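> If you read the protein sequences in the order shown, they are chains A and B. If you read the first sequence in our numbering, its first letter stands for residue 10, the second for the next number, and so on. If you read the second sequence in our numbering, its first letter stands for residue 10, the second for the next number, and so on.
Mixed in with the good hints there might be a few duds.
With a cut-off of at most 30 angstroms between alpha-carbon atoms, the simulated DSSO-like pairs for lysine-lysine come out as follows [unchecked claim]:
| no. | chain 1 | residue 1 | chain 2 | residue 2 |
| --- | --- | --- | --- | --- |
| 1 | A | K393 | A | K383 |
| 2 | B | K329 | A | K191 |
| 3 | B | K329 | A | K171 |
| 4 | B | K184 | A | K184 |
| 5 | A | K329 | B | K43 |
| 6 | B | K393 | B | K463 |
| 7 | B | K53 | A | K383 |
| 8 | A | K184 | B | K191 |
| 9 | B | K191 | B | K53 |
| 10 | B | K53 | A | K133 |
Hints listed in this document are in silico derivations from the structure and should not be mistaken for laboratory results. Predicted model, so just to flag it, every value in this text is computed and none were measured.
2 protein chains.
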Amino acid sequence: MDSQEFREFGKAAVDYIADYFETIRERPVLPSVKPGYLGDLLPKEPPQTGESWQDVLQDVDRIIMPGLTHWHSPRFHAYYPTAHSFPAVVGEMLSAGFGCVGLSWIASPAYTELEVVMMNWLGKLLDLPEEFLNCSEGPGGGIIQGSASEVTFIGLLAAKEKKVKALMELNPDLKESDIKGKLVAYASDQSNSSVEKAGLLGSMPMRLLPANAEGKLTASTLLEAIRQDKNNGLIPCYVVACLGTTPTCAFDDLEELGPICNKEEIWLHVDAAYAGSAFACPEYRYLMKGVEFSDSFNFNPHKWMLVNFDCSAMWVKNAKYLVEAFNVQRIYLKDQHKGLAPEYRHWQISLGRRFRALKLWFVLKIYGVEGIQKHIRHQVDLAKYFEELVGRDKRFEVCTSSMGLVTFRLRGNDSLTQQLLEKVDDRKHIFVVAGRSDGKFVIRFAVCSRLTEKRDVDFSWEELLSQAEEIVPSKNKINTELSDKRSIASIELTDAAREKIRMEKSK
Amino acid sequence: MDSQEFREFGKAAVDYIADYFETIRERPVLPSVKPGYLGDLLPKEPPQTGESWQDVLQDVDRIIMPGLTHWHSPRFHAYYPTAHSFPAVVGEMLSAGFGCVGLSWIASPAYTELEVVMMNWLGKLLDLPEEFLNCSEGPGGGIIQGSASEVTFIGLLAAKEKKVKALMELNPDLKESDIKGKLVAYASDQSNSSVEKAGLLGSMPMRLLPANAEGKLTASTLLEAIRQDKNNGLIPCYVVACLGTTPTCAFDDLEELGPICNKEEIWLHVDAAYAGSAFACPEYRYLMKGVEFSDSFNFNPHKWMLVNFDCSAMWVKNAKYLVEAFNVQRIYLKDQHKGLAPEYRHWQISLGRRFRALKLWFVLKIYGVEGIQKHIRHQVDLAKYFEELVGRDKRFEVCTSSMGLVTFRLRGNDSLTQQLLEKVDDRKHIFVVAGRSDGKFVIRFAVCSRLTEKRDVDFSWEELLSQAEEIVPSKNKINTELSDKRSIASIELTDAAREKIRMEKSK
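Pulled out of the complex, with its shape left as it was, chain A reads as follows (with noise of 0.2 angstroms):
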């Protein structure tokens, strides 16, 4: 394909993306295809002979399409938000254009700094403690990774390279795999599943705790578990402190946590994937009170602050330990601007990179700080108002309700919550998934989309109102009646946005 025909398959690519956009919440959220649909749809061998990139493009339609699941729609309310915006995608495609590998600094300059000024940006946007910034004096720095799951994971690394380091400072003829051997890193159980799998990647069992109702980890609960393994011989080296929480958006509190990891020596990673985009407005600051005390800090700026996944942001205060758990040199890759420039590739898991500045200094720009906290403000607000609708009817009960997520159930046994989200996901007008909270069964609703507004929340709202209407019917007249006014109002908005669109793309 030369570069003419480029410009036409791209173009139309960018169409396609802009046409799917405009009618997204048209779109069932969920497909309807079966496992293996797509097998029986494809040849079982690459074609021998090339094809036109029409036919290529046909085919995204006639056997993607039907298969994906809308993330974007402002119908979709499950797991947390990915990030999506239309600058974000332009920094996408214009890095695969470019298509360097940014294994150190000369492999592409502008790679590394992008990256080093972004953090910076980042950092300041957050107002994260002076300490973890590129540009601070002392040694510590931000860096862009893929995903939470490798940042919990590289802080484990990181956190036993220092301990074993330590230790063996202390005592010189202590086996490094005796102390390896021993090593133990604590999380709420809470946490991510991703938490869990660093201690498995990392060969330290991670002891998930017991938080309190609340979802918190607590100060007493982590001291006793300290304590228990310190007696039996173990070290403890690693506390993964969670930032909102998976199943309910509840933040551990660093106050509490970070003065018993610091007097232990114990390296405390704050994991606030989903949560810490709100840190860019101030009134949510509060949140993080007590982040001086941890070793590193990651948010994923791909859950909630408009670009595009992967977009995994990192700081540690000290990047000595990570440079020094990974290094390892060739002559291939010859260093010649030590300290000028971070060579991030002794910070991650990976030698190559790719250039996800690009895409976070676009939506940056684009946005700017304002752009950014408006999305989150409005977000948060839209899962109050859900919070609202659902108190509101007494057949259901509100759970947790913190950032832009809200658990809620049906009261009385949890097979009835069960049921109405067996009953909604099959029909496929929204799509929520199950959660647990205080050890009950519940319904996670979260505003995911960019696209969400207030008739959104309605339409998402009274399609769970029908199908729980068919498992508990309502006995509060009154209720219905409300019910059945907000729906009418809720329609009469839809059709009159839509005419709105309409109005606007005949213009």
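Let chain A serve as the given structure and place chain B on it in line with the hints.
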């Protein structure tokens, strides 16, 4: 940014990329910026309010472009190639445009299913043993990972899982941490830095055994290392064999190493990161004879198969060991389709997954098997042509030549070749890097860009010659005259070709 603005911005970006590639041959391959250049061009804080996309694109041109190393310049001969093709760029764009995250089958069925089929296509393209493929009856299968570094590390973890389980079944009194502390891995000292890093990441000492003069790990060396380690109470667990080493593209002999690993119950991983793409051509498949002895196999379509970074293909004979090493289940990830479609998150480090199969599909469809074979053969031919050129000048010696990589040096002391490398890279017309072959300092000349033609190899050789002339002036007048003629011929060719491009553009 709304979808209309995205149409404009996206199409402008497509044109920007196309323009870049149409002018890439004329650009100095290495940038002239100094470390820290970019920090001076950007504000210290993110902008408060948003900027227009036109401003952003101008800034790309002003700030980013001068700091790129042009990996796809036909005069880039450093490292190994990183792949680039227009179909893959559009694949990346659409993947970002859809913006789903394939963290489970239901999270976007097309993501998992296209990957399953593409890994079958790719395995058939390389003629891998059936048992590695997803479409086989057994427990084998293929997955796209991010990099060979990740794959080598994941292979190591699976090997560890398998070995620990096997030993604990034999002897339930053994302690897991005691076994883990005794495991040891092997590769040759010619293996990529990522292999050593995998050992660091996985807390398993990676013994880098001396390769022979041809850069291969021999059976006797491996056997001796295993014997020694077993005598010292260690447990051999993992061998990484290289098909196409980084320094010289040497090939370990799997028919030699494989039976040893099988007999000793050591996991054999094959790292064919660069050269694996060549097995698309039947004439090179003799180099992977014995692959059936291996437990896992990896090559990077993102190196030599026209699929943009990242796309690292991994197959395992038995996926059970991956799943057992990584599986952490959660209620919000409830898996309803076990057995019908693999849950790839249990095969990898991260939870989230991009739609990398899409760009692979685009490349295989638009190039076809023949297009890929043509690309590989053309690049090997160009390397052979370069080898010929070097061989004609008595001041030089060709040290190795394999696939698209030639290593060479100035006869005599290493310092001559070192000088040559420095002079050439300082001029920035071409980019080559240092290597070491059989103990000697060499220059690695890799054919990297898909745009590279014979005239570019001529250009690069003239550039090397012109600088060599200043270090070792030619005594052989005839040689110099010949080389002058070649030089003129190549300049004429270049001008003619440029004229042709100009004419085509003005049509």
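> Are the hints correct? Go through all of them and say.
For each hint, the structure was consulted:
no.: 1; hint: A:K393 - A:K383; result: 15 angstroms, holds
no.: 2; hint: B:K329 - A:K191; result: 27 angstroms, holds
no.: 3; hint: B:K329 - A:K171; result: 33 angstroms, violated
no.: 4; hint: B:K184 - A:K184; result: 16 angstroms, holds
no.: 5; hint: A:K329 - B:K43; result: 24 angstroms, holds
no.: 6; hint: B:K393 - B:K463; result: 11 angstroms, holds
no.: 7; hint: B:K53 - A:K383; result: 22 angstroms, holds
no.: 8; hint: A:K184 - B:K191; result: 12 angstroms, holds
no.: 9; hint: B:K191 - B:K53; result: 50 angstroms, violated
no.: 10; hint: B:K53 - A:K133; result: 9 angstroms, holds
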